[in-house]
Every structure is written in C-alpha cells, then in structure tokens.
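S.K.: Go ahead and model the full structure; you've got the sequences and the hints to work with.
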Amino acid sequence: MKAILISLLGAGSLLGQWSAEQKAAIAEILPKAEETAWLQIGWRTDLWEARREAAKAKKPIYLWEMDGHPLGCV
Amino acid sequence: MFSKPKVQKLLGEEFIPVAANDWYQRRRQDAEGHFFRSVAAQGPRRTEGGTRQGHYVFTAGGKLLGYNNNRDPKKRLAMMRDALKKWEALPDSEKTATIPDRGKQDAKYAREFPKGGTVVKVHSRALEGKDGQLKAAVIGGNTPLAAVDFLWLKKEEVAALHALSKSGGYLPDRLTERMARFHLNDSIRGEPRPWKRSEVKNCTLTLTPSGEVTGTILINSRDGKMGYEGALTGTISFDKNGNLQRFDLFTLGSHWGEGQFTRGARPGKSPLGHVFSLTSATKPEDQIPPQGMHWEQGYWEAEKH
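These protein sequences, in sequence, are chains A and B.
Position one of the first sequence corresponds to residue 1 (my numbering), numbered consecutively onward.
Position one of the second sequence corresponds to residue 1 (my numbering), numbered consecutively onward.
By construction, these hints were calculated from the structure, which means they are not laboratory data.
One should not assume that every hint holds.
[Claimed, not checked] Distance condition first, Cα-Cα at most 30 Å in a straight line; then the derived DSSO-like pairs of lysine-lysine: (1) LYS86(B) <-> LYS58(A); (2) LYS4(B) <-> LYS135(B); (3) LYS201(B) <-> LYS23(A); (4) LYS74(B) <-> LYS32(A).
M.R.: Spelled out as structure tokens, the structure:
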C-alpha cells in the first residue's frame with residue numbers, strides 16, 4: 001500500500017497535469033453521477049426563505065434535518 | 001431514496017424541499033430557531049437540547065403534517081403521501097401564511113459566507129489497494145459514498161495567496177492548519193471531530209512561483225489511537241487580475257482510529273484520499289458551511305485555537 005501512495009504522490013502534479021495514475025485515483029475519490037443524483041431535487045438551504053416560497057406557492061415544506069448538514073458530509 | 005426519479009418528481013412538484021443542519025437549528029435563539037423547534041415539538045423530537053433530526057412535512061405557518069426518521073424508503077414515502085393527504089384536507093387559509101421579517105439572526109449559530117470569499121469543495125473517499133492500484137474501498141459488501149465538505153477562504157486570504165504565488169514559499173499557517181484540522185479528517189462514516197492543534201505534528205505546504213503545491217501532513221492523537229499521515233500535491237494559480245483560477249489539490253494518506261460519531265473504522269491504517277477543487281458556489285448546496293465550523297472563530301483562526 002505504501003508503495004502505491006509513494007508512487008502516486010512522488011510523481012508531482014506537473015502543474016496540475018495529473019499523471020495517469022493520479023487521474024485514476026482522483027476519479028476513484030470523486031463521486032459518481034449516481035451518487036449525486038439526489039442533488040437534482042433542488043434543495044433549499046434557507047428555511048425562512050423556504051417558508052416565504054411555500055406560502056406563495058401554496059405547497060407544504062419538506063425538511064430534511066440532520067446532525068451534520070445533509071448536503072455535506074455523507 | 002432521493003436518487004429515485006419518482007421521489008424527485010414528487011418532492012419537486014408537491015413540496016418545497018429544504019435541507020438543514022440540526023446542530024445549528026436546534027440551538028439558534030432567533031425567529032428561525034424558535035419556528036423550527038415549534039414545528040419539531042409537534043412530533044416526537046421535543047427533548048430540550050436533544051437532537052431533532054429527521055424528515056418533516058409542515059405548512060409555511062408551522063403546522064406539522066408528517067414526521068419520520070426511518071431509513072426505510074417505503075416508510076418515508078408513505079409519510080410523504082400521508083402528509084399530502086393531510087395537506088389536501090386543510091382549508092385554503094392554512095395553505096399559505098404571512099411570513100414576518102426574520103429579524104436579527106443568532107450570530108452564534110447562523111453562519112454567513114464571507115463577502116468576496118471562495119469555496120473549495122473537498123471530496124474524500126475510503127480507498128483500498130487492488131492489483132497495484134487504488135480503488136474505492138468495499139466495506140461490508142458496500143462502497144461507502146464519497147464524503148463532501150467545503151473549505152472556506154476569505155477574500156484577504158486569497159489576496160495573500162496571490163502575493164505569495166509571485167515569490168513562492170510556505171502556505172500561511174492559518175490556511176494549512178485549517179486544511180489539516182478541519183478537512184483532512186476521516187468523514188466517511190459520519191461527523192468527525194476536528195483535529196486539535198496539538199495533534200497536528202506536521203503540515204508544511206509549499207507553493208512555488210509556477211503554482212505547484214506540495215507537502216506532507218502528520219496528525220496523531222495524544223494516545224496515538226487516531227491519526228492521519230499523508231502527502232499533498234496540486235496547483236494553486238491565478239489569472240492576470242489576481243483572481244483565483246485553480247485550487248486543485250490531491251492528498252493521499254492513511255488514517256487510523258475512530259471518533260464518537262465515526263464508529264466502524266477499518267482496523268489499522270487504511271488509505272484515504274481527498275480532492276480539493278475550486279467551485280463557483282452558485283448553487284445552494286455549494287454554500288453550506290464547513291462541517292467543522294461549529295465554533296466559527298476556531299475555524300477561521302485555526303492556527304491560534
């Protein structure tokens with residue numbers, strides 16, 4: 001494992017031009033499209049403004065409330 | 001559940017969807033905090049000071065129509081549909097409300113993005129070595145989702161970086177300590193605690209005039225049971241007007257141990273990767289505060305506290 005890490009980071013970034021190995025590792029870290037599909041919902045983050053919007057649109061509010069912001073962390 | 005098109009359609013068409021951090025909402029002593037707690041108190045989450053996390057449906061005026069904190073998508077969907085039936089049965093007068101001015105916000109718990117500031121998105125993922133390559137780790141038969149956090153930079157901090165980029169040198173302690181203590185955490189399974197200052201044994205990051213950033217990081221708890229060791233590489237560059245153009249950093253390292261809210265760590269030292277990338281922060285989901293910003297001053301002045 002250590003050998004993989006040294007190999008990946010020892011290559012340097014070449015001014016942001018990632019090596020093929022680095023690109024592959026970065027691709028593994030970044031979320032896949034299916035992991036971010038839930039962001040298409042159009043979540044509001046301001047409850048007070050959402051109240052105004054809901055009152056105007058005559059719609060109920062759906063609040064997803066978590067310890068740690070639902071749109072951050074995991 | 002929220003990835004399913006059927007649920008997305010329902011939420012988008014029939015509701016105003018909101019996401020919020022309960023750590024702040026249940027504590028804030030202002031109109032928004034009082035309103036939220038008055039809604040939660042109509043359901044099972046009413047213990048003073050206790051968590052109020054879950055999924056709520058309510059009117060703009062604050063009448064609770066449904067609550068659920070069950071992970072079973074069928075039960076949550078049933079709650080949504082049941083709440084919609086209650087909504088339909090309401091008189092028109094209760095389907096709207098006059099929303100007053102929110103008044104002064106509780107500065108201790110209301111976070112505001114700094115004027116002219118910059119957001120750097122930070123993704124992290126548990127990794128494992130496979131056939132000589134690093135792959136997303138499979139843990140317990142599942143691949144944990146990538147975690148996301150947000151590194152905030154103030155306008156003057158970006159200006160200082162721009163000045164530094166002309167000569168090259170060490171990145172300011174304030175920035176490196178912020179990155180190390182609040183963003184190089186194991187956030188794969190929940191909310192990690194920020195590293196303490198005394199736990200950061202080394203975090204030296206160097207910026208060259210050509211924009212290349214390199215460095216190493218060593219973090220270790222006093223008892224040695226939790227820590228992180230890694231290396232960073234990447235690019236920070238500016239356009240001719242001094243605007244930040246790139247903040248692309250990549251760290252690979254090993255983490256070990258677990259915290260109160262990050263139980264279930266893999267045994268021993270395990271590979272963990274972080275990718276920092278500049279974002280325009282035009283969407284609400286890119287403007288939420290950094291996860292470790294519960295104590296705001298501690299975040300901004302990470303090198304002092």
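S.K.: Could you tell me which of the hints above the structure violates, numbers in ascending order?
M.R.: none
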